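Q: Assembling the complex is the task here: the two chains are given apart, and the hints tell you how they should meet.
Protein chains in written order, with my numbering: chain A, 9 to 281; chain B, 8 to 325.
Rather than coming from a laboratory, the hints here were simulated on the basis of the structure. Keep in mind that a hint or two might mislead.
Reference listing, derived: stretches of chain B covered by chain A, where coverage requires no fewer than 3 residues with Cβ under 8 Å from a Cβ of chain A [said to hold, decoys possible]: (1) 45 to 58; (2) 65 to 72; (3) 196 to 206.
Quick caveat, the model's predicted, so the values are computed rather than measured. We put the CB at the ideal spot given by N, CA and C, even for glycine.
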Amino acid sequence: MTQRFDSTRIRRTILDMAYAGSTVHIPCALSIVEILAVLYRSYLRLDARDPRSPTRDYLVLSKGHGVMAQYACLHELGWLSDGEMQTYFSDGTRMKGLSDAHVPGLEVSSGSLGHGLSVGVGLALAAKRRGTSQRVFAVVGDGEANEGAVWEALMFASHAWLNNLVVILDANGLQAMGSTTEVMDMEPLIEKLTAFGFESREVDGHDESALCRTLDELLASPDPRPKGIVARTVKGKGISFMEHNNTWHYTRLNAETYAAAMAELTPREAAAA
Amino acid sequence: MRDAFSHNLVQAAVADPRLLLLTGDHGYALFDEFRRVCPGQYINGGVAEQNMVGVAAGLAKGGFRPVVYGLSAFVPIRVLEQIKLDVCYEQLPVVFVGDGAGVVYGQLGSSHQSTEDIAALRALPNMAILSPADAYEMTTCLKLAFEPTGPVYLRMGKADLGTIHTAPPLFDWGGLCQVRAGAGPVAWIATGSMVTTALTVAGDWPDSAVWSAPCIKPLDAKQVAAICRQHTAVIVLEEHSVYGGLGSAVAEIAAATAPTWICRIGIADRFSERCGSYAYLTREHGIDAPSVRMQVERFLERAGCAPPVQQVGSRQAA
Numbered sequence: 009m010t011q012r013f014d015s016t017r018i019r020r021t022i023l024d025m026a027y028a029g030s031t032v033h034i035p036c037a038l039s040i041v042e043i044l045a046v047l048y049r050s051y052l053r054l055d056a057r058d059p060r061s062p063t064r065d066y067l068v069l070s071k072g073h074g075v076m077a078q079y080a081c082l083h084e085l086g087w088l089s090d091g092e093m094q095t096y097f098s099d100g101t102r103m104k105g106l107s108d109a110h111v112p113g114l115e116v117s118s119g120s121l122g123h124g125l126s127v128g129v130g131l132a133l134a135a136k137r138r139g140t141s142q143r144v145f146a147v148v149g150d151g152e153a154n155e156g157a158v159w160e161a162l163m164f165a166s167h168a169w170l171n172n173l174v175v176i177l178d179a180n181g182l183q184a185m186g187s188t189t190e191v192m193d194m195e196p197l198i199e200k201l202t203a204f205g206f207e208s209r210e211v212d213g214h215d216e217s218a219l220c221r222t223l224d225e226l227l228a229s230p231d232p233r234p235k236g237i238v239a240r241t242v243k244g245k246g247i248s249f250m251e252h253n254n255t256w257h258y259t260r261l262n263a264e265t266y267a268a269a270m271a272e273l274t275p276r277e278a279a280a281a
Numbered sequence: 008m009r010d011a012f013s014h015n016l017v018q019a020a021v022a023d024p025r026l027l028l029l030t031g032d033h034g035y036a037l038f039d040e041f042r043r044v045c046p047g048q049y050i051n052g053g054v055a056e057q058n059m060v061g062v063a064a065g066l067a068k069g070g071f072r073p074v075v076y077g078l079s080a081f082v083p084i085r086v087l088e089q090i091k092l093d094v095c096y097e098q099l100p101v102v103f104v105g106d107g108a109g110v111v112y113g114q115l116g117s118s119h120q121s122t123e124d125i126a127a128l129r130a131l132p133n134m135a136i137l138s139p140a141d142a143y144e145m146t147t148c149l150k151l152a153f154e155p156t157g158p159v160y161l162r163m164g165k166a167d168l169g170t171i172h173t174a175p176p177l178f179d180w181g182g183l184c185q186v187r188a189g190a191g192p193v194a195w196i197a198t199g200s201m202v203t204t205a206l207t208v209a210g211d212w213p214d215s216a217v218w219s220a221p222c223i224k225p226l227d228a229k230q231v232a233a234i235c236r237q238h239t240a241v242i243v244l245e246e247h248s249v250y251g252g253l254g255s256a257v258a259e260i261a262a263a264t265a266p267t268w269i270c271r272i273g274i275a276d277r278f279s280e281r282c283g284s285y286a287y288l289t290r291e292h293g294i295d296a297p298s299v300r301m302q303v304e305r306f307l308e309r310a311g312c313a314p315p316v317q318q319v320g321s322r323q324a325a
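This is chain B alone, in the form it adopts within the complex (with noise of 0.2 Å):
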């Protein structure tokens, strides 16, 4: 997933020379390329991201299309509020990056870790959210954070996980992609990592449909109001805080206009207090495949739907 945001966005360099990258002193060798190919339009804005956003709303409102990078715990959430009054405030074209987010990094604690940026740039108006799933989505959301509507957050977790798709899915703004069909009562609504763990889990809810969110906000509510509709149950999962991220926004939809069972999985109202790699952290904070397992089906028992079938080896696999 990053060989295809490095790829895109040096294509995009290339094709329109208005764009520039900015980084706060982080991705050394995604961009490699970058520098190689576009040395001109690469700007180190060193260890000051409050800075490197403003500069950035001057380089859009000067004709420039900035494309600012950054670890997801400090672009978007150290410089939340330039984002909001700098950029958003005047809607400008302004991409920003977030990089292992969610608990990507494990080892290096709460301050590299980011379970709160969905949530927080939700709630800013004219700022769009966009959450690949793998390099195919990848692609497609760089087209779309392209085009010159405002800001965009372009939210890239674990991206080692291996593709889902087997061409970049067409979707536009809002739009959610179907990954598994299915007609029974049990419907899947995943973003980002946790698109490969739906899939993984819900291979034991036959019938059950997989929709990937690579569009966070916007998003289609119509889409998701029929999803709750066709469903007993909704899961949604996502490797960010059960609070205000796409777990919230379905919620939202749902309760306005397709009432259902929405079962939100993501990490719980809590920090990582112990030192550990992406495997360990993602079971400790119940989002990895057994754990998700355990809770959907605690929850559809409430649900009133049927158990999960026990497939051989499953458990042993997750």
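For reference, chain A alone in the conformation it holds in the complex (with noise of 0.2 Å):
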């Protein structure tokens, strides 16, 4: 048995997903993986059995674009159940193509950008104002970035010293129509979120460890800033031919692609065997 949140499990529920949906948006969703995973695993505090308890932590996916990986994470919970995972995008069901808040486990409806990051804010405001110790990851794209809303949510979090606000940007590098820097280069970022008012770092966004050291040192710190990190992400890490392939953002898989893909991601039980 592996640990919970297996990023390669988790992967391989986001091809699944696609793959049965016959959907696009999956290089976003893979990004994403190893961030999600850490903070499922270590730091959100939920009640297993309620994923509306109101003393719980939240992941506000302010990316809505990835929502596979999160889906693949209230999965590993066991607040989505294998049949729904398989009706990812289809007629009737609640499994929408971007974060809907209507999914419990799901904290914002998110997908026009620069929404969800202003409502954590929100979250966080609401429990320093209540004197709880909830705390509010919110895990924001590069791209998104661009939304000038989602500075002035910065700005917000930092002039609220909301230190139980953790702003993490999914630095992949590309958006919808290109790379990051020749959309609209946002760099440096981590200088702007320290210029926002944010205690920040940087980090490999594919390196559990790392990730946990980063999330360990902020969340402990005593300084009152909000906390910020600079995630740096392949988009679609993982699969070969994804990685750093933009047209990939907008591409299904078909039978030949997803088997390629998921011959690229051996369970890790069956490596171990």
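A: If you want it as structure tokens, here you go:
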């Protein structure tokens, strides 16, 4: 038995969903797998029996296009059944193609970009005002950071000293129509986060132990500023022919590419055997 | 009306510590009392309305009761998508207050005027729209708005037109208030600032009934249909585009259940080109009393209703 939220298993789940639903937006889910895996495994304090527990920590997926990664984690939690996972993108189901707050476990309806972070900021502010120890982890895309509302939210979070907020910028370097440097160069991201009043770190977003070290450090920090992480990631991570290849943002899997992709993701159980 | 707004808001905030007032750096004098009595419940979100609405959604999800204040040109128009997705989709109890609706900010131009807010919000599922005509209606509207039902837009237009009622009228969601009884062929339905205008002009048509519509969505379809059946023509007035506002709402109900002559009076499909006072702009847009009278006269002629009674001095007074 591998550990919970195993990244290879999550990637296989993502491919299964994408293939079953014949959907796009696969690589932007693959880039956040380790980020979500460590958060769900080690940091989010959730009530396993109640996704809507009022005392829960929040994982706000502001970059709603990566929702398959979060669905995969909800599946690991047992909040989504095997059968439901197979209905992703299907008529009459709740399994929409972008993060949707009507699904227990998903905190915001995003996909229209630059929305989720502000809602996360509101959740963090609510927790502060109620005097709870709840934390908000908001995953924001680097393409999404083109939206002015993202920077409004960062300003506000800093102004309100929301040190219970951790913003994780999924810096995969690609957005819908090209590389982030071509489309709208936002670098240096870490300096921008710091300038906006965040205690910031940069980390390899696919290195789980590095992510954990960074999160541990920030969460233990006495610094009253909100926390920011620039996670350097690879769009399409784990599938050689998707990595750094932006045509896959809008490409669907067929039988052949599905098989090829799955072949690159040997389950750890099988590898160990 | 602004005093009634401020006073009732403070009362509600004192009674419910979950009530939080968010403003996008607007409402300087309006919130003096609120800031004095409930300083901990006042949040100035800065000149960043998109974030403010998202934060309000998060606060509502976290158990608070946000009231988001702005000029109606910004709240709701600038933040329409945040309202739609972050608030309406989840049916969160957030009250939006749009101040200075219509052409109140005459001299400031189109950036500060809003004649599209009702139309934009009517199409958002779960959103309720309130539009009080005076301080008394404001009091009742705020009572409704603070019921934890879901998102509410409170449209606050020209606020210094005096009172229409003598006490807070009793109405529930969707209900219209009769402000002048009459069994003649003409009925008037107006909202906000235009109730005063309707009362002024309706005097020229003796025995015409005048209704105020402090609640635009939901709108009591049975009550509206009954008004349509009782009268030959219904004149609808609003300080808002003739597209998508109260006039459209009444016409939709009439068309489906009680067809009659509906005259929609409001702002035509155009911006305010010129600078001007409130009096200038309402005249320029044809929604001041003399212009309304002329339009209604022409309309009723087509509808086959009797011409108005010439009242001595009525034209000068208008």
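Q: Hint by hint, say whether it matches the structure.
A: Tested hints:
1. 45 to 58: Per the Cβ count (5), the hint holds.
2. 65 to 72: Result for this restraint: holds, n = 7.
3. 196 to 206: Our answer is that it is violated, as 0 residues pass the Cβ test (under 8 Å) against chain A, missing three.
Consistency with the previously given hints fails for number 3 only.
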